[in-house]
Amino acid sequence: MHVSVLYRDLPDASPTGSPPDYFVDLNLDQLSTSVFAGREEYDLSSYFQVRLRDAAAVTYRQDSLRDLERPEIHQTVLRFAERMRALRSELRSAAELRYRLQRRMWWLTGAESYLAAIDQLTNDLTEAGPDSAGFQRLTRYLADYRGHAMFTALRADAERARRLLAQVSYRAQVFGDRVQVSRAVPSEPDYAADVAACFERFRRSDTASYRVKLSSYPQMNHVEEAIADRVELLFPTEFATLAEFCGKHQTFIDEVIARFDREVQFLLAWLDFTDRLRELSLPSCYPTVVGSADPAHIQRGYDVALADRASQDHRRLVGNDLRLTAGERVVVITGPNQGGKTTYARMIGQFHHLVALGLTVPAESVALPVPDLIGTHFERGENLHDLTGKLDDDLVRIHRLLESTTVDSLLILNEIFTSTTSADAVWLSVRVLDRIRRFGCRAICVTFLDELARRGDDTISMVAEVEPDDPDYRTLRLVRRPADGRAYADALATRYGLTTEALGRRLAR
Amino acid sequence: MKVHLLFAERDPELNLRLPPRTDDVIRDLGLTPLLDTMAGGDVDLRTQLAPTVLAPLGSPAEIIYRQDVLDDFLRMPELADALYRLSLHAVDSPRRSRTWLFGKEPSSVLRRSRDILAELLIDLHELRTLADQHGPRCSSAGLRAFFANIQTELPDDYLTLVEDHLQRLQFPTGVTMTAQLGPGGQGSGYVLRKPESIRRTWRQRVHLGDPDSYTYRLPDRDEAGARALMDLEAIGINLVADALAQSVDHIRSFFALLQFETAFYSGCVRLDRELETRGLPRCRPTPRPVEELALTAHDLYEVNLGLHLGSQVVTNDLLADGADLIMITGTNQGGKSTTLRALGLAQLLMQSGATVPASDYRASVASALLTHYRREEDASMASGKFDEELARMSALIELLEPGALVLLNESFAATNEREGSMIARHVVDGLRAAGVRVGYVTHLYELAAGLQELDLHQLEKSTDSGARPHAVFLRPERCADTERTFRVVPGEPLATSFGPDLYRRVFGDDQPVPAQKSVPALKGA
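If you're matching them up, the sequences are chains A and B in order.
Going by our numbering, 127 is the number at position 143 of the first sequence; the sequence numbering is gapless.
Going by our numbering, 815 is the number at position 21 of the second sequence; the sequence numbering is gapless.
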């Protein structure tokens, strides 16, 4: 049984390290950088880039996320992560410092941090009693792990080494250019305390402290090393025990636990992100996974990357809906520029990706399938290196996209074939769209060609809304309506006094 | 280490907030010259002793405690000054130290504290000597306890111990510390151990502990190593430098307290000597509880005037036991205000524990001492003078409580006599009913007459005349030929303030002006 909070079963392919092609188009690259900022040491973007395959995997991860939202589990995981960070810093010192004694001391301290972290996490999780399969498996694993011979030996050896080292107490007399090191005598009085006591009879009240703050550095200088060498000569047994400990326990961090430390940061980062969205009063929900042939809906959903930026620049955010019956496969989106069409299309794409990552999304309610492929085609600049024209470029890219498309895929096309006449564009778009419709997959198509919206019963039309009295004002709301591009143009013309009749009147003076 | 010369059980507050309206009292009673005399012109001494004079004590027992101490100082006149100068010397020691700045290094902190402590040790020796010499000759509880405390806390072996610390803190054989291992193997939990007191060479040194030891010697010209050793030393020195510097602060704060308390006595001794030199009477007053309303004085004089005029100064007797109102009416410039001031000054001096300018003085303590004098000018002229007086009186009322003594000089004279009398009567009645003792110098005849009538009336009514507080009426003495003696004696208020006297003196005669048709004839004087 695979022990992980992210994966129900061992993932068959490890993440390739390069994000999918559609990431940039859907602004998921920006989102990734933002969500995982501050957690670069864990390299979490690879988890963000690889979708899960089926509903069971998604539910497994969603359940882990739910558990992590419980305050007692959240707290103990945070504390555990903090300890592990400290542990790594201690082990780094153990690796990097020049002096052997220092390396060994930090190694021991690192081991102690590890022991404490495991204890704390195991005790707290057992007491909390997780509900998710992921955390339950982890808790059982930890309980077993603590009983293992290797772990109990680590604990016993560390305690023994520490106990002996705690007894090391030495005396250093600095005199001119020499320092003499000997064992400390237990009963020697504290001279600073003696001096203070001598003048205690004059004290009336507390006075300011004159203690100077002295700097200290992690790396010993050669004088400190020389002293430590001599201390070692005076306490051979204690230091030998330390050396034995380090020799015996050259590795001690369990692989599964290390993996948990990394994987859980993925979920923690997402929780922090959703907290930020909550401050903007945006909704949040756990999506339901449906089959690709089932009805799908998004209720009051927000473009996630846009929402992330909105917390900094206070832009206006508008939630939108999508409602598709089983038979509705293609969504054609038309409307005025800057109307929110591309944002809407992006939202749909983002949501399909995030659902397949087992995460929450900013919406009131969502039911979507897990696609086997997400393909996007967004407007790009001229490809200057390739001497073929842009149209050629577009066609080649679409062809490539369609090669892997199945009925379970999702395609998002944003303003295709803009680099040609509309007659050509219509002709090409109709043929491409019909090809897509033959696959029967779900497709979102943003275009200015409203003919495309009327191809068949499997196609629905969404229009970016304008304010009736003020055509300049976009509500950023997408409504389900027949495409009526002309009407917008008419309204604009009317507003600026440029309709035919208006012109007639104006020029007839 | 305790001082407890001003109070038997506690230290005075060095930054005490003076009672409200102290500025008025200082101005009205002429305290500035008095304080200057007590301080002998020394501005710092004046600053130190003024707060004690201006914060009167509330109980006879506290006053007697100080009077006993003062008696000792009066018998050994140089002692108060010697203690004051010694404390000043000690408090001033940082200024004389050769090490100027507190550096960022523990060794600088240590060096400077050591220097100052060496100076302070001399002062501590001196203090012990004073205790040895003068302790046996003291009879007051305060000074006996003080000197005994010095001898207990600063015996010879203690002073030797301090000297020993000063030697050891030169670290003649280096700095010794103990430590344990920190998480990265460096030393932690450093504790400084006792340094030796005698300079020795490396070879001669004696060390405690295990004969097993290992020594590291720096290679020649290893500057980084030398710095590292100094840093290590600094850790140990840091601990004791802090302790030493704080101890220096403690010792200085003790001397600061001693300076403050002896400043007062030094001032009292000086005042007494000045009065004695001029042949003026002074006495140890008898403080009585506030309820008794005691006030009997003989040969009382205004102390500033006394210092100025010597034994020529006019003295008065005051017999006002049981009186809650002492009213002085009569001639201008007849000595009324002076007498009131003399009373105020004597009361203040008694209640701080000093001697009083009289041959005897026996009076109840007052819970507060306040003044309300006519002001010559109201600089802001925001309100009329009468308004100003009323406002000031109202503010004063807020501060009064039963047992207080308030001295009014020509209050409510800024309006006509009738109105002034009416308001003043309200005020005086109210104050007396609230248990406040009133001294009032006034021209307001109707007021005085009314109060006298009330007094007589009450006297008739009561069977035991001593039971309720009564009023005492005084006026400037007049001899037959209208010469004024500037003495104040018991006497009924007179309807005239001898304005005619003054008129004649100025204008030469008092013949009435011949009557004219439209001018009504003046009545004869």
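Do not take every clue at face value.
[Said to hold, decoys possible] Label-pair restraints from in silico Cβ distances: (1) 1014/B to 133/A: 31 to 41 Å; (2) 810/B to 202/A: 45 to 55 Å; (3) 190/A to 810/B: 46 to 56 Å; (4) 810/B to 298/A: 54 to 64 Å.
[What the hints assert, rightly or not] Selected chain B positions facing chain A (Cβ under 10 Å, derived; list incomplete): (5) 907; (6) 956; (7) 973; (8) 978; (9) 1034; (10) 1283; (11) 1284.
Hints listed in this document are in silico derivations from the structure and should not be mistaken for laboratory results.
Just so you know, even glycine gets a beta-carbon here, dropped at the ideal spot from N, CA and C.
Check the structure against each numbered hint from earlier and tell me which ones fail, lowest number first.
1, 3, 10, 11
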